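S.K.: Protein chains in written order, with the working numbering: chain A, 756 to 869; chain B, 60 to 175.
Derived from the structure by calculation, the hints contain no laboratory data.
It is possible that some hints are incorrect.
[Unchecked claim] In silico lysine-lysine, DSS-like type, Cα no more than 25 Å apart, as pairs:
#1 A:Lys856 - B:Lys79
#2 A:Lys823 - A:Lys792
#3 B:Lys100 - A:Lys760
#4 A:Lys856 - A:Lys811
#5 A:Lys856 - B:Lys123
#6 B:Lys73 - A:Lys856
#7 B:Lys100 - B:Lys125
#8 A:Lys826 - A:Lys760
#9 A:Lys811 - A:Lys823
#10 A:Lys760 - A:Lys823
#11 A:Lys856 - B:Lys114
#12 B:Lys100 - A:Lys856
#13 B:Lys125 - B:Lys79
#14 A:Lys792 - B:Lys100
#15 B:Lys114 - B:Lys125
#16 A:Lys826 - A:Lys811
A quick note: this is a predicted structure, and the numbers were derived from the prediction, not measured.
Now for the letters of each chain:
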Amino acid sequence: DQQVKQNSPSLSVQEGRISILNCDYTNSMFDYFLWYKKYPAEGPTFLISISSIKDKNEDGRFTVFLNKSAKHLSLHIVPSQPGDSAVYFCAASPYGGATNKLIFGTGTLLAVQP
Amino acid sequence: GAVVSQHPSWVICKSGTSVKIECRSLDFQATTMFWYRQFPKQSLMLMATSNEGSKATYEQGVEKDKFLINHASLTLSTLTVTSAHPEDSSFYICSAPELQGTDTQYFGPGTRLTVL
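Generate the whole structure from the sequences, applying the supplied hints.
M.R.: Rendered as structure tokens:
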């Protein structure tokens with residue numbers, strides 16, 4: 756039972772354009788969400804997070820939007836750069852905060868074309 | 060940011076042998092660490108929660124006698140894959156929450172285990 760889903764296994768975007776990565780979840784008890792970037796054979800790198808009491812959080816080129824009623828969140832990267840090419844995972848925390856165990860989505864491979 | 064290291068980064072072993080993987084928080088203390096496993100082109104699946112000074116908590120379906128976890132100190136957790144078999148071949152990643160500053164979770168670089 757996949758509680759966190761990323762339905763797009765891959766996404767290709769031109770450099771300078773916006774990248775939008777989507778994530779859906781099924782458990783309404785999740786109250787904290789995170790996005791991680793991962794290269795092959797490396798551990799995930801934290802990008803940005805959002806608490807369920809907010810609907811938007813922005814950090815530089817990265818913005819995360821949360822729609823609790825739809826149980827949906829998205830990561831916007833603008834402008835996209837070739838160095839952003841990686842696998843992006845969304846993760847949800849079932850027990851509150853970012854410091855407890857995380858449930859990961861299936862990942863989306865982003866390719867930013869020069 | 061906070062740094063978590065893993066050793067070794069990759070290991071090849073024969074079926075039936077045991078392999079120990081270390082996870083260290085380098086510049087912060089972690090009373091809790093998490094162990095994940097990732098199969099090719101799949102998501103990271105939580106295996107267990109490592110607790111300093113007490114027994115690890117295993118997720119449903121994870122054999123505690125096969126995947127031994129020891130949280131020896133506030134900066135070190137070890138995962139031992141006992142009697143490894145080819146189906147245990149995977150990418151093992153640990154993480155540690157950093158509670159004093161950024162209040163987030165940092166991941167190690169991972170360990171690639173191949174069992175022949």
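S.K.: Hint by hint, say whether it matches the structure.
M.R.: Hints and how they fare:
Taken as a hint, the lysine 856 of chain A and lysine 79 of chain B pair is honoured in the structure, with Cα atoms around 22 Å apart against an allowance of 25 Å. Pair hint lysine 823 of chain A plus lysine 792 of chain A holds up; C-alpha atoms about 23 Å apart against a cutoff of 25 Å. A C-alpha spacing of about 14 Å is found between lysine 100 of chain B and lysine 760 of chain A, which places the hinted pair at or below 25 Å, so the restraint holds. The suggested pairing of lysine 856 of chain A with lysine 811 of chain A holds, with an alpha-carbon distance near 23 Å, which does not exceed 25 Å.
Using a Cα cut-off of 25 Å, the hinted pair lysine 856 of chain A and lysine 123 of chain B holds, with the two alpha carbons roughly 18 Å apart. Distance hint between lysine 73 of chain B and lysine 856 of chain A is unfulfilled; the C-alpha atoms sit about 31 Å from each other, more than 25 Å. Restraint check: the Cα-Cα separation between lysine 100 of chain B and lysine 125 of chain B comes to about 24 Å, which is no more than 25 Å; the hinted pair holds. Of the supplied pair hints, the one linking lysine 826 of chain A and lysine 760 of chain A holds, its CA atoms being roughly 11 Å apart against a limit of 25 Å.
Of the supplied pair hints, the one linking lysine 811 of chain A and lysine 823 of chain A holds, its CA atoms being roughly 11 Å apart against a limit of 25 Å. Proposed proximity of lysine 760 of chain A and lysine 823 of chain A is supported: the alpha carbons are some 15 Å apart, at most 25 Å. Taking the CA atoms of lysine 856 of chain A and lysine 114 of chain B, the gap is about 16 Å. The hint holds against a cut of 25 Å. For the given pair, lysine 100 of chain B sits about 21 Å from lysine 856 of chain A by alpha-carbon distance, which is consistent with the 25 Å threshold.
At most 25 Å may separate the alpha-carbon atoms for a hinted pair to count; lysine 125 of chain B and lysine 79 of chain B meet this at roughly 12 Å. Note on lysine 792 of chain A and lysine 100 of chain B: the hinted pairing holds, with a Cα-Cα distance of about 14 Å set against a maximum of 25 Å. Proximity of lysine 114 of chain B to lysine 125 of chain B is assessed by CA-CA distance (about 15 Å); at most 25 Å being required, the pair is judged to hold. The straight-line distance between the Cα atoms of lysine 826 of chain A and lysine 811 of chain A is roughly 14 Å, inside the 25 Å bound, and the hint therefore holds.
In this structure, only the earlier hint numbered 6 is contradicted, and the remaining ones agree with it.
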